[in-house]
Amino acid sequence: MNLMPKRIKYRKAQRGTMKGNATRGNTVAMGEYGLMSLEHAWVSAREIEAGRIAASHFMGKAGRLFIRIFPHKPISKHPAESRMGKGKGEPEWYAAVVKPGTVMYEIGGVPEAMAKETFNLIAHKMSVKTKFVLRRHGL
105 MNLMPKRIKY
115 RKAQRGTMKG
125 NATRGNTVAM
135 GEYGLMSLEH
145 AWVSAREIEA
155 GRIAASHFMG
165 KAGRLFIRIF
175 PHKPISKHPA
185 ESRMGKGKGE
195 PEWYAAVVKP
205 GTVMYEIGGV
215 PEAMAKETFN
225 LIAHKMSVKT
235 KFVLRRHGL
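So the sequence shown is numbered by this note's numbering: it starts at 105 and just counts up by one.
Just to be clear, a hint being listed does not mean it is correct.
Distance condition first, Cα-Cα at most 16 Å in a straight line; then the derived EDC-like pairs of lysine to aspartate or glutamate [said to hold, decoys possible]:
id, residue 1, residue 2
1, 203, 143
2, 181, 194
3, 229, 143
4, 165, 143
5, 177, 196
6, 233, 136
7, 165, 194
Just so you know, the hints here were simulated from the structure itself, not pulled from any lab data.
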């Protein structure tokens, strides 16, 4: 089942601009290893779910997977072969707005080699370039 908000204030959202780096959600907070985005993008709910399924299939009962992004943004489209005008199309799917530096997934309770392999499987499902990051202990 794809992720989507239970209720939203407005059915349709404007596209907005994707600029700047992530200032929040840019550190590994819950697990020991993370998968960080290197680009701006709309990551669809289907991509997020595909990554979750790939990870849970590979890891089995070992460790814990944390999903740090949620698709809040409704993306609307006009139907195929419809004429220009007539207002904005209906919401088709939901997306999470991801900036460079956003930690999208985290894993805890597994060895580093297994975490790298799991994130490699997830990265193949994503439409953004990603990198493997470690948790920083203490400052």
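Verification of the supplied hints:
Proximity of residue 203 to residue 143 is assessed by CA-CA distance (about 6 Å); at most 16 Å being required, the pair is judged to hold. Restraint check for residue 181 and residue 194: the C-alpha separation of about 6 Å stays at or below 16 Å, so the hint holds. Restraint check for residue 229 and residue 143: satisfied, since their Cα atoms lie roughly 15 Å apart, inside the 16 Å limit. Between residue 165 and residue 143, the direct Cα distance comes to roughly 31 Å. Violation of the 16 Å bound is thereby established for this hinted pair.
Restraint check for residue 177 and residue 196: satisfied, since their Cα atoms lie roughly 11 Å apart, inside the 16 Å limit. Between residue 233 and residue 136 the CA atoms are separated by roughly 20 Å; this puts the pair beyond 16 Å, and the hint is violated. Between the alpha carbons of residue 165 and residue 194 the distance comes to roughly 40 Å, so the proposed pair goes past 16 Å and is violated.
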